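So the sequence shown is numbered by the working numbering: it starts at 3 and just counts up by one.
Quick caveat, the hints were computed from the structure, so don't treat them as lab data. As the structure is a computational prediction, the values presented were derived from the model and not from experiment. The reader is advised that the hints may include incorrect statements.
[Said to hold, decoys possible] SDA-like cross-link-like pairs, simulated, lysine to any residue; straight-line CA separation at most 20 Å:
{"no.": "1", "residue 1": "LYS78", "residue 2": "ALA177"}
{"no.": "2", "residue 1": "LYS78", "residue 2": "GLY96"}
{"no.": "3", "residue 1": "LYS78", "residue 2": "CYS189"}
{"no.": "4", "residue 1": "LYS78", "residue 2": "PHE10"}
{"no.": "5", "residue 1": "LYS78", "residue 2": "ILE183"}
{"no.": "6", "residue 1": "LYS78", "residue 2": "LEU97"}
{"no.": "7", "residue 1": "LYS78", "residue 2": "ARG12"}
{"no.": "8", "residue 1": "LYS78", "residue 2": "ASP163"}
{"no.": "9", "residue 1": "LYS78", "residue 2": "LEU186"}
{"no.": "10", "residue 1": "LYS78", "residue 2": "LEU19"}
{"no.": "11", "residue 1": "LYS78", "residue 2": "LEU16"}
{"no.": "12", "residue 1": "LYS78", "residue 2": "HIS128"}
{"no.": "13", "residue 1": "LYS78", "residue 2": "LEU169"}
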Amino acid sequence: MWRRLRSFDRSVQLLMLNQLTINIGFYMLMPYLAGHLSGGLGMAAWTVGLVLGVRNLSQQGLFLLGGTLADRLGYKPVIVAGCLLRTAGFALLGLVDSLPALLVASAATGFAGALFNPAVRAYLAHDAADRRVEAFALFNVFYQAGILVGPLIGLALVAVDFRLACLTAAAVFAALTVLQIRALPRCRTGDATAGAGVLADWRTVLSGRSFLLFSLAMAGSYVLSFQLYLALPLQLDGAGAVSVLFVLSAVVAIAGQLRITDWARRRWSHPQAITRGLLLMAVAFLPLALTGAAWPHSAVPRVGAVLLCAVLLTLATTLTYPFEMDTVVSLAGGRLVATHYGLYNTVAGVGIALGNLLTGLLLDSGSTALPWVVLSALGGACAFAVHRLGRRGRLTVGEGEQEQASPAPPGTRSRT
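Generate coordinates for the entire structure from the input sequences, incorporating the hints supplied.
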């Protein structure tokens, strides 16, 4: 892994380190926020849900704006602004206890993610050039490492005081902000349509029919992978078992990502790899359906099925993620890449919200097998949709350039 990292340009190496640090800072705090609000501040359940919901809504709902700003202002300034805003948001979470101030802090942390997430991915795709798939695979290793390490650090800090965790997380983002200002090269892409407004950029993105179809097809995959945080923990008893679930998922991703990507690249095209990953997601829920039907009240088979599902979901995500991220760049035609990532994340966020609502209703229905059968069917439907798009040539590398018929504005660089 380290040899692979050193083979990339300095900017790509810094982006990997940035994402590791971003996730460490985020996950040392956010898993424990609900407990602080309810237990530490004595807030009612609906206010806890409101604070957490505002964070999610401000991030998912503003991804498109964040991507547009990155394409218009350059990737580096938007990444820096996002980290600076999250510094302020996390510090505020540790210093205030009134609902209005907590809502402001929560919205700030969410908007920060909407700023730097599309910008980081677009910057990585730009500087990795023809090694994008390899770069995104390595990126996911650092991403998962942050998810693994962050909660462990946060657990030790929260045991002392929640405010210490908040201020430490804020300090991490402050240090990251300074590092990026001083060390991250400036990357202004000139992607925004010359002489046109934001709406013109959005119309350009929305005119890409293949991109929109791919985004809709992949939204279901985010619903499935999110069940690691919703449906699967509900099948386990105790925080210790849930921690084992998350650690297992992160370790599988870290250990397997590069090997799986290298293996898949030698055998399959992008659509084929993504389709197989989605099929694996569908298969992942079948053990839970089986145990729910055969042993509905037996804990041991259920726990085994949950862990097996987590492993298969993680393997499926490691298979699809690099090819998925590269396909977005391809369908963007190399232009307005951050805006495309922003819209893609927004569609995924809407899918997660609707999918979680449906999953919750199914779990409350009392059936021990139906929720998993429906989730498996969703994975199969997503796989079929991507397969059809691939068979029709809608996801072929370079297809995005063909679909974007309008030429780049004078003075811009081609980065196909």
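Comparing the hints with the structure gives:
no. : hint              : in the structure
1   : LYS78 with ALA177 : 15 Å, holds
2   : LYS78 with GLY96  : 28 Å, violated
3   : LYS78 with CYS189 : 6 Å, holds
4   : LYS78 with PHE10  : 18 Å, holds
5   : LYS78 with ILE183 : 8 Å, holds
6   : LYS78 with LEU97  : 29 Å, violated
7   : LYS78 with ARG12  : 14 Å, holds
8   : LYS78 with ASP163 : 34 Å, violated
9   : LYS78 with LEU186 : 7 Å, holds
10  : LYS78 with LEU19  : 15 Å, holds
11  : LYS78 with LEU16  : 12 Å, holds
12  : LYS78 with HIS128 : 12 Å, holds
13  : LYS78 with LEU169 : 25 Å, violated
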